[in-house]
Amino acid sequence: MPTPRRALLAAAVALVLPLSACGSGGDGGGSTDASGKVEGNITFETWNLRANFKSYFEGLIADFEKKYPGTQVKWIDQPAEGYADKLSADAGGGTLPDVVNVSPDLVAPLARAGLAMDLDKAAGTYKSEYLQGAWASHQVPGLSGTYAFPWYLNTGPLFYNKALFREAGLDPDQAPRTYDELFADALQMARKSGGKVATLANVPTIEDFGRYGVPLMNQQGSAFAFNDTKGVELLTKYKQLYDAGALDPQALTATPESSGKKFLTGAVAMNPGSALDLGNFKKNAPSLYRNIGITDQITSTGHVNMYVMGVMVNSRTRHTPAAVAFAHFVTDAQNQMSFAKKVAIFPSTAGSLNDPYFTKEDGTDETRVRIAAAKSLKNAVNYTPVLFSDQMKTALRNEVAKALQGKESPKQALDNAVKAADRLLQQG
Amino acid sequence: MAVPLRVTNRPPARIRRQLPHSPWLFAAPGLLVTGAFVLYPFVSTLVNSFTDRRTLLPGRFVGLANFRELLHDDMFWTGLRNSTLYVLGVVPALVVLPLLLALLVQKNIPGITFFRSAFYTPVVASIVVVGLIWVWLLDERGLVNSLLQAIGIGRVGFLSDQWLLLLSAMAVTVWKGLGYYMIIYLAALADVPRELHEAAAVDGAGPLRRFLTVTVPAVRSTMVLVAALSSVAAFKVFSEVYLMAGPDGGPAGEDTTLVMLVQRTGTGLTGRVGYASALSVVVFLVTVALMLLVLRTDRREEP
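Line order of the protein sequences matches chains S and X. Here my numbering is used: position 241 in the first sequence is 241, and no number is missing along the way. Here my numbering is used: position 272 in the second sequence is 272, and no number is missing along the way.
Everything labelled a hint here was simulated from the structure, so no lab data went into it. A portion of the hints provided could be inaccurate.
Stated by the list, open to error - Straight-line distance between alpha carbons at most 30 Å, and here's what the computed DSBU-like set of lysine-lysine pairs gives: (1) X:236 <-> S:86; (2) S:341 <-> S:283; (3) S:237 <-> S:341; (4) S:407 <-> X:236; (5) S:121 <-> S:196; (6) S:54 <-> S:341; (7) S:239 <-> S:411; (8) S:261 <-> X:176; (9) S:237 <-> S:196; (10) S:393 <-> X:236; (11) S:67 <-> S:342.
Said to hold, decoys possible - Partial list, derived from the structure: chain X residues whose beta carbon lies under 7 Å from chain S: (12) 140; (13) 144; (14) 146; (15) 250; (16) 268.
Idealized CB from N, CA, C, for every residue including glycine.
Please work from the sequences and hints to get the whole structure.
In structure tokens:
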């Protein structure tokens with residue numbers, strides 16, 4: 001019967017038509033030539049910045065649109081949770097915004113998929129405006145080029161509860177600075193409190209291995225290497241802490257948020273954080289705030305860990321000159337400096353850290369944290385390998401947990417973690 | 001002159017001409033939605049399971065490699081074990097407890113509406129809120145542990161011990177599901193003829209006897225339906241365990257369920273979509289097998 005068949009065909013076409021839009025967004029636009037006229041409508045995506053910095057970004061966008069008439073920037077701010085999933089959905093669906101706030105581990109897969117613009121080619125002229133290390137932080141092993149403008153840098157201090165230190169017979173003004181001092185203090189704290197107060201609420205992460213002096217990858221950057229003697233030594237010491245109750249019992253399933261809460265309630269004595277946390281302590285835990293101690297990150301290498309943020313340009317943007325100009329505008333020295341004055345972050349532009357704002361004491365805790373952090377940033381290292389994906393982080397956390405529970409030896413656990421990470425690395 | 005009335009059940013010619021199209025037009029919106037959000041993802045998952053596709057990189061056909069890999073993946077076996085344990089732990093409780101609850105709230109006594117609503121509240125509460133409340137209750141320093149400590153039992157690691165964590169998550173699933181299945185049972189109980197109970201009572205059957213010989217046989221089909229629905233839901237459990245055990249699935253990932261593993265493996269910028277699809281296909285097959293098993297039990301017991 002021809003009629004139902006035609007109707008069936010129509011239904012099938014109707015069914016397939018919307019699906020054809022689900023592919024990978026096509027390859028419209030896309031050129032690394034940023035020399036044309038800066039014009040057109042572009043989108044700019046950030047994570048978790050609207051709540052606190054709405055007026056800063058609206059002002060920034062207005063300034064850019066004023067400087068380049070004919071441009072219009074649409075700002076999209078996403079929640080921090082699930083940001084990578086949102087990016088992957090957009091990248092897969094061909095709706096990745098023109099300019100995107102990324103970190104090096106987010107930019108790596110986007111660059112490998114050809115979605116991040118090589119700024120050595122498109123914006124090489126700006127390279128000298130940034131700190132050398134910061135510019136290099138968005139390079140991806142195995143690819144030539146740089147895939148995002150460096151934006152702000154950060155390094156968190158370590159907070160400690162002076163009252164708990166005092167109760168454990170430790171000097172509240174002498175916080176541990178190296179891992180050996182940390183382990184000794186943590187064991188004493190556990191012993192004196194009868195296992196009720198833990199010193200830390202987190203298990204060691206890849207950054208801890210880096211700060212302990214463990215080589216994370218081989219020299220070629222083609223395989224992981226944190227299962228060496230030093231890595232095993234660090235994990236063995238953490239196992240001793242766990243057994244003694246110096247690590248919170250829920251450390252194996254902790255998230256940064258949950259360990260922050262433990263610190264707030266006085267269940268743990270030390271926790272990493274940022275200068276932003278001081279306001280939180282003041283508001284939500286006044287008694288903790290009165291006893292708050294601030295010290296540098298624990299490191300055995302002399303180099304603290306640095307977090308780097310970047311701004312990448314979508315290689316498929318239809319408005320390359322405008323997207324590159326805007327990404328540069330957001331990250332230029334003047335705008336980074338004014339952003340740094342609103343929030344406890346540090347500019348990645350050359351010479352900015354010498355500004356009196358980062359060097360001159362005024363007696364407040366906030367300034368003390370800021371100056372100490374700016375000083376340590378000058379030789380800080382971004383320990384997280386760019387290619388260390390979320391799946392690899394999970395594999396490491398799971399193996400570390402097995403070692404701490406005594407289900408595997410530290411050596412076996414790290415061998416397994418390296419094997420899993422290497423396999424994921426080879427699978428691309 | 002009166003026109004003779006012709007009685008016919010044939011529709012007028014204009015409507016007749018449209019008839020062949022009409023069913024399709026009516027079905028089109030449904031077909032479209034089902035096609036876009038059910039069939040397409042299903043077929044796409046099936047196709048992806050035979051490729052090494054990544055989130056951002058197109059895949060190559062790799063045959064059964066993903067399925068072979070998961071046979072050697074410890075995490076897959078952990079997930080399968082936990083999802084199966086979840087079915088075994090949760091389904092019997094969700095078949096029996098809501099029935100008992102329905103019997104309790106079925107009675108027309110003053111204030112019973114309040115209790116019916118109270119038991120149904122967890123069903124409508126957001127799972128995230130429910131998860132957070134239970135995490136606070138069961139935390140090392142939470143309400144439950146404070147009470148246990150006060151009566152001298154000491155702290156229990158509900159959220160740090162692998163097995164206690166799984167049991168706690170199961171308890172939350174049962175707690176949240178009770179009201180939902182209670183409503184289904186209430187509807188079934190309303191259909192049980194009152195005369196049967198009265199006749200049994202006249203014959204000297206006590207409440208327990210009447211429950212076993214009258215109520216249970218009358219609601220047996222509903223029990224099978226509840227078993228089928230709850231076993232599929234239990235095998236696909238995600239939220240409760242994710243919220244209570246954390247994104248890694250508890251200490252060393254030991255509480256990971258299969259759906260959590262699919263989520264963890266296949267999402268993010270470096271997600272292994274091909275491998276996660278193979279895991280999803282396994283979840284689908286096991287779920288279908290579970291349904292068939294439960295429904296087959298019903299048929300076998302049919303008189």
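Evaluated hints:
no., hint, result
1, X:236 <-> S:86, "23 Å, holds"
2, S:341 <-> S:283, "21 Å, holds"
3, S:237 <-> S:341, "40 Å, violated"
4, S:407 <-> X:236, "28 Å, holds"
5, S:121 <-> S:196, "57 Å, violated"
6, S:54 <-> S:341, "15 Å, holds"
7, S:239 <-> S:411, "12 Å, holds"
8, S:261 <-> X:176, "27 Å, holds"
9, S:237 <-> S:196, "20 Å, holds"
10, S:393 <-> X:236, "25 Å, holds"
11, S:67 <-> S:342, "23 Å, holds"
12, 140, "6 Å, holds"
13, 144, "14 Å, violated"
14, 146, "13 Å, violated"
15, 250, "6 Å, holds"
16, 268, "5 Å, holds"
Of the numbered hints listed earlier, those contradicted by the structure are 3, 5, 13 and 14.
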